[in-house]
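S.K.: Each chain is listed here by its residues.
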Amino acid sequence: MDEAAFLERISARLGRSIPEDRPPRNVQGAPDFWRQRSSGAQELILRFQAELEKLGGQVERFEDRSAMLAFLKSLLKDLDPTRIGVWGGNFMDEYQLEEVLSPYEVVTWGNQGVEAFQAAEVSISGCAFAIADTGTMVMMSSETHGRSVAVLPTVHIVILRQEQIHGTMGEVLESLSQMGRSLPASVHFISGASRSSDIENDQTIGIHGPARIVAFIL
Amino acid sequence: MPSTTNRHTPDLLDRTRLALQDDFLRAAVRFTADRLRDKKQSSTEEFGHWEEWRERGRAIRAHTINHLDYYLKQFVDQVRQTGGHVHFAKDAGEAVTSVMQIVREKKARSVVKSKSMVSEEIHINEHLIEAGIEVVETDLGEYIVQLAGETPSHIIIPAIHKTREQIKTLFTNAGGEHLTTDTKVLAGFARKTLREKFLKADIGITGCNFGIAESGTVVLYTNEGNADMVTNLPKTHIVLMGMERILPSFADLEVFANLLPRSATGQKLTTYMSMITGPRRQGDRDGAESLHIIILDNGRSEQLGDPEFQDILHCIRCGACLNVCPVYRQIGGHAYGSVYPGPIGAVLSPLLYQGKQYEDLPFASSLCGACYEACPVKIPIHDMLVRLRARKVRSGHVAKAEQLAFRGYKMIFSHHRRYRLAIKTGRVLQETMAQNGYIQSGFGPLAGWTESRYAPTLKEEPFRDKWEALSKTLKTKS
Amino acid sequence: MKVSLFTTCLVDSLFPNVAEAMVKILDRYGVEVDFPHGQTCCGQPAFNSGYVDEAREVAKTLLDAFDQSEYVVAPSGSCTGMIHHYYADLFAGLPDWEDKAERLINKTYEFSQFMVNVLGVTDLGARFPHRVAYHPSCHGARLLGIKNEPEQLLDHIQDIQRVNFPHAHDCCGFGGTFAIKMSDISGAMVEEKTKHVVESEAEVLVSTDMGCLMNIDGRLRYENQKVQVKHLAEVLYEGLPAEKE
Ligand code: SF4
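Residue numbers (the numbering used here), protein chains in the order written: chain A, 5 to 222; chain B, 15 to 492; chain C, 381 to 625.
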C-alpha cells in the first residue's frame with residue numbers, strides 16, 4: 005500500500021484530514037514532580053553505584069587515573085584474557101591504557117571490526133552518559149565507538165567520569181532530543197549484565213551480551 | 015493459519031479443556047504469573063505515584079492515537095531523512111510481500127529474529143522457511159518455542175510452558191552435546207549456537223516497542239541483548255511495527271521507559287534499551303547497512319474513530335494483564351488459539367480479525383477487571399469484552415437456545431409479577447433435584463456448574479413475600 | 381432518612397436472609413426502609429452476555445421502582461457496580477430514561493459503603509468470635525470502587541479473628557453466565573479460591589456479594605469442607621446484641 009493511501013485511511017477513520025501543524029498538547033513527558041527532582045553530585049554517584057550493584061554490576065570508584073590503572077591491571081590479571089577490545093580514537097591515550105594493556109593482544113574499534121572483537125573476552129570503553137536512577141550506562145555508536153564493543157565480549161569494563169552521571173533518564177533523553185540529525189545510528193542503554201529467565205524462570209546471566217559489567221568511576 | 019498443533023484444535027472449549035488437564039502447564043503458568051505480578055507490585059510501590067504515571071501514560075497514548083496520522087507521517091519522514099526505508103502494509107499479506115522482496119533483493123539465506131509479536135501476527139517464519147530461508151529466533155524463550163515447533167504462550171515469557179527437561183531434549187536434538195538440565199548449561203548452549211547464527215545471518219528482523227516521531231528512532235527493550243545482535247551484525251535490518259507503536263517525542267519515552275519494564279517484569283528498566291535511528295552512518299563498522307521499516311495496519315485502523323474500541327490501540331504489549339488474569343492463570347496462552355493471548359488477546363484478536371474465528375474469546379472472562387487494574391495505560395479491557403460480546407450477539411452468531419434463553423429472561427424479569435411467578439414455579443421444579451438445600455448434579459445449563467460445585471436452591475419464600483411481615487416488625491416508621 | 385431496598389434477584393430468591401439482616405441493621409440506625417415491589421434485576425446477566433436490549437428492558441424495572449426513592453441500598457457490589465458503571469451508557473439518548481438512570485446512579489449504594497460513607501458507622505457493637513476471612517468481590521472492588529469499607533466494618537467487630545489468604549483479590553470464577561458458559565475454567569478458578577480459603581483455617585468466609593459466595597459455597601459443600609460463607613450483613617447482624625425493647 006502506498007504511503008498516502010495508508011495515512012489517508014487513518015485520517016479518514018479519525019474523521020478529518022491530516023493536521024498540518026503540530027497538534028497542541030497539554031500533557032507531554034514525565035509529571036512535574038518527577039522532573040523537579042534534583043540531587044547533588046555525590047548523591048548521584050552513590051545512587052548509580054547502588055542501582056548498578058543491585059543489578060549484579062560491579063562499581064569501582066577512583067580518586068585518580070593511576071589508582072584506576074592499578075586496579076585495572078590486577079583485574080585483567082585475574083580475568084587473564086588473550087584479547088582485549090577497546091574503543092578506537094584517542095580513548096587509549098585519554099586514560100593512558102597502553103602500558104596496562106601491553107601484556108595482552110589489543111584490538112581497537114575502527115582499525116578492526118566485528119571479526120576481531122568476536123574473539124575478545126574483555127572489552128573496555130567509555131560511555132556517553134550514565135543514569136543514577138537505573139544504574140544505566142549509555143553508549144552511542146560512531147566510527148571509533150562500535151556497538152559491538154559493548155555486546156560481543158564476555159566482560160565489559162566501562163570507564164566513566166562522574167560528571168557523566170545524570171539523575172533520570174529524562175535528562176539523557178533531552179540531550180538526545182537536542183542532537184537532532186546528529187543523533188547516532190545506535191544509542192544503547194545498558195543496565196547490568198545480559199540476562200534471561202526463560203528457562204523455568206531461573207535467572208541466568210550472560211545469555212547473549214556480557215555476563216559481567218564493571219563500571220569505573222573517575 | 016499456521017500449521018502448529020496448538021492453534022488447530024477447533025474450538026475454544028476443547029482447547030481450554032485440554033489446557034486444564036495439563037498440570038505442569040498450569041503450575042508453571044501460575045508460578046511465573048505470580049512471580050511477575052509480585053515483582054510488578056513491589057516495583058510500582060517502590061516507584062510511587064503509580065496512578066499518576068498510569069494516567070500520564072494513558073493521556074500520552076490517547077493524544078498520540080488521536081493524531082496518529084500526524085505523528086506517523088513525522089516518524090516516516092524522519093526515518094527517511096536518516097536513510098532508512100519505509101514500507102506500508104495494509105494487512106499481513108502485504109507485510110509478508112515486503113519482507114520477501116527485501117529477502118530476494120539481498121539474496122539472503124538466513125534470518126535472525128528478536129522477539130516480535132507483529133512477526134507472529136503475520137506468520138513471517140513460515141513464509142521464510144517455505145522460501146528456503148533459515149530463520150532463527152534468538153530470544154531464548156522464542157528459540158525454545160521455535161525448536162519445539164510451537165508458538166509463544168505469553169507475550170513476554172514465550173516458553174512459560176516448557177520444563178527444563180523438555181528444553182534439554184530440544185537442545186540436544188538441535189545438536190547440543192553432553193547437556194544437563196542445569197540452566198547455565200542450557201543457556202550456554204544457546205549462547206554459543208545463537209552467536210554463530212548472528213554472525214552469519216544476512217538479515218535481522220525485530221519488532222518495535224516504540225517509534226519516536228521526532229527523530230524516527232526505533233526503541234527496543236530486551237534483557238538478553240539479542241536485539242542488539244540482531245540489529246548490529248546482519249547487513250540488513252527489517253523492523254516490523256504495528257502502526258500504533260508511535261510516541262511523539264523522547265520526553266514521552268521517559269514515561270513509557272518507566273511504565274513498560276515495571277509492568278512487564280517488575281524491572282526498573284530492562285537490561286537493554288536500544289535505540290536505532292537509521293542505518294549505520296558513514297565510517298561505522300557495525301550496525302545494519304540498510305534499514306527497512308514495515309508499518310502494519312492489519313485491522314488496526316478499523317478501531318480508530320470507534321469510541322468503543324479505539325483505546326485498544328493504546329496497548330504497549332507489556333503483558334501485565336496476562337499475569338493478573340485468573341483465566342489465563344488456569345489455561346495458559348495456547349488455549350486462546352491466537353497470537354495474542356490473555357485479556358489483551360481476547361479483545362485484540364476478534365478486533366483485528368473480524369469474522370467468526372475469535373468471536374468466542376471475549377466470553378473466556380469472568381469480567382473481574384483485574385486486567386484493567388493492572389494495565390499501565392488504563393485500557394478498560396473488561397468493558398471492551400462486554401462490548402465484543404454484544405457485537406457478537408448483534409451479528410446473530412449465537413446459539414438459538416441462548417437467544418431464546420435471554421428472550422425468556424427479558425420476558426420474565428421485565429415485570430415483577432412474572433418474575434415472582436417464575437421463582438414460585440422454579441421452586442416446584444427444583445424439588446426433584448434438590449438435596450439438603452443444594453442441587454448436587456444439575457442438567458441443562460446447570461450441568462457444567464455442578465460438575466465442580468453444588469448449586470443453591472430457591473428458597474421457600476423469596477424476600478419479597480416476606481417483606482410485609484418483616485416491615486411490621488421494624489421500629490423506624492414514617 | 382429513607383432507604384429503598386434493592387435486594388437484587390439473587391438475594392431475593394436464593395438468600396432472603398441477607399436482605400433481612402440488612403433491613404434490621406438499617407432499622408437500628410433509624411433508617412426508614414421500604415421495598416418497592418416493582419424491582420426485579422439489574423439486567424447484568426443479559427448485559428454481560430452481550431444481550432444489551434434485553435438487559436435494558438429488565439433494568440427499567442429498577443428505574444421505575446426507585447424513581448421516588450431517597451437512597452437505594454443493595455447487598456451487592458456487583459449489581460450496584462452495574463448501575464454505576466454501565467447504566468449511563470445503557471440509557472444514553474433515551475428521553476426520560478436517561479434522567480431516571482442518572483438519578484438512580486447518584487443515589488444507589490452498596491451496603492458497606494452506605495454504612496460507612498453515608499451513615500458514618502464503622503462500629504456496630506457486634507461481636508463475632510470466629511476466624512473470618514474476607515473475599516473482596518471483583519465487581520465491588522474494581523467496577524464500583526469499594527475500598528476498605530467492608531474491612532473497616534469487620535475490624536470493629538469484637539473478638540473477631542481476621543485471617544488472610546493468598547490471592548484474596550483474585551476472582552472466584554463466578555462471573556455470572558461465565559460460570560455456565562465456561563464452566564470448566566470457572567470450576568478451576570473456584571477450586572483454587574477454595575483451596576486458599578480452606579488453608580487459611582477460616583471458619584467463615586465473608587463477602588459483600590452473594591454471587592461470589594454462592595459459587596464458593598457450592599465448591600466448599602462439594603468438597604465437604606467445614607468453612608461457612610456469610611454476607612457481611614449477616615455477620616454484623618448475627619453479632620449484634622439483642623435489642624432492649
Ligand atoms: S492491555 Fe494493558 S496490560 Fe495488557 S498488554 Fe496492553 S498495555 Fe499491557
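Please note: incorrect hints may appear among the correct ones.
Straight-line alpha carbon distances no greater than 27 angstroms define the calculated DSSO-like cross-link-like pairs of lysine-lysine that follow [unchecked claim]:
hint: 1; chain 1: C; residue 1: Lys487; chain 2: C; residue 2: Lys606
hint: 2; chain 1: C; residue 1: Lys575; chain 2: C; residue 2: Lys561
hint: 3; chain 1: C; residue 1: Lys527; chain 2: C; residue 2: Lys404
hint: 4; chain 1: B; residue 1: Lys424; chain 2: C; residue 2: Lys480
hint: 5; chain 1: B; residue 1: Lys392; chain 2: B; residue 2: Lys414
hint: 6; chain 1: C; residue 1: Lys561; chain 2: B; residue 2: Lys480
hint: 7; chain 1: B; residue 1: Lys424; chain 2: C; residue 2: Lys404
hint: 8; chain 1: C; residue 1: Lys440; chain 2: B; residue 2: Lys414
hint: 9; chain 1: C; residue 1: Lys404; chain 2: B; residue 2: Lys489
hint: 10; chain 1: B; residue 1: Lys489; chain 2: C; residue 2: Lys487
hint: 11; chain 1: B; residue 1: Lys438; chain 2: B; residue 2: Lys406
hint: 12; chain 1: C; residue 1: Lys561; chain 2: B; residue 2: Lys406
hint: 13; chain 1: B; residue 1: Lys480; chain 2: C; residue 2: Lys575
hint: 14; chain 1: B; residue 1: Lys198; chain 2: A; residue 2: Lys81
hint: 15; chain 1: A; residue 1: Lys58; chain 2: B; residue 2: Lys53
hint: 16; chain 1: A; residue 1: Lys81; chain 2: B; residue 2: Lys406
None of these hints come from the bench; they were simulated from the model.
S.K.: Each hint needs a verdict: does it hold in this structure or not?
M.R.: Hint by hint, here is what the structure shows:
1. C:Lys487 x C:Lys606: violated, 39 angstroms
2. C:Lys575 x C:Lys561: This hinted pair holds, its Cα atoms lying about 23 angstroms apart.
3. C:Lys527 x C:Lys404: Roughly 24 angstroms separates the two Cα atoms, so the pair holds.
4. B:Lys424 x C:Lys480: Holds, at roughly 20 angstroms.
5. B:Lys392 x B:Lys414: violated, 36 angstroms
6. C:Lys561 x B:Lys480: Judged against 27 angstroms, a Cα distance of about 33 angstroms means the pair is violated.
7. B:Lys424 x C:Lys404: Violated, at about 32 angstroms.
8. C:Lys440 x B:Lys414: Judged against 27 angstroms, a Cα distance of about 25 angstroms means the pair holds.
9. C:Lys404 x B:Lys489: holds, 9 angstroms
10. B:Lys489 x C:Lys487: holds, 24 angstroms
11. B:Lys438 x B:Lys406: violated, 33 angstroms
12. C:Lys561 x B:Lys406: Holds, at roughly 15 angstroms.
13. B:Lys480 x C:Lys575: It is violated: about 36 angstroms lies between the C-alpha atoms, which goes past 27 angstroms.
14. B:Lys198 x A:Lys81: Roughly 25 angstroms between the alpha carbons, so the hint for Lys198 of chain B and Lys81 of chain A holds.
15. A:Lys58 x B:Lys53: Roughly 15 angstroms separates the two Cα atoms, so the pair holds.
16. A:Lys81 x B:Lys406: violated, 69 angstroms
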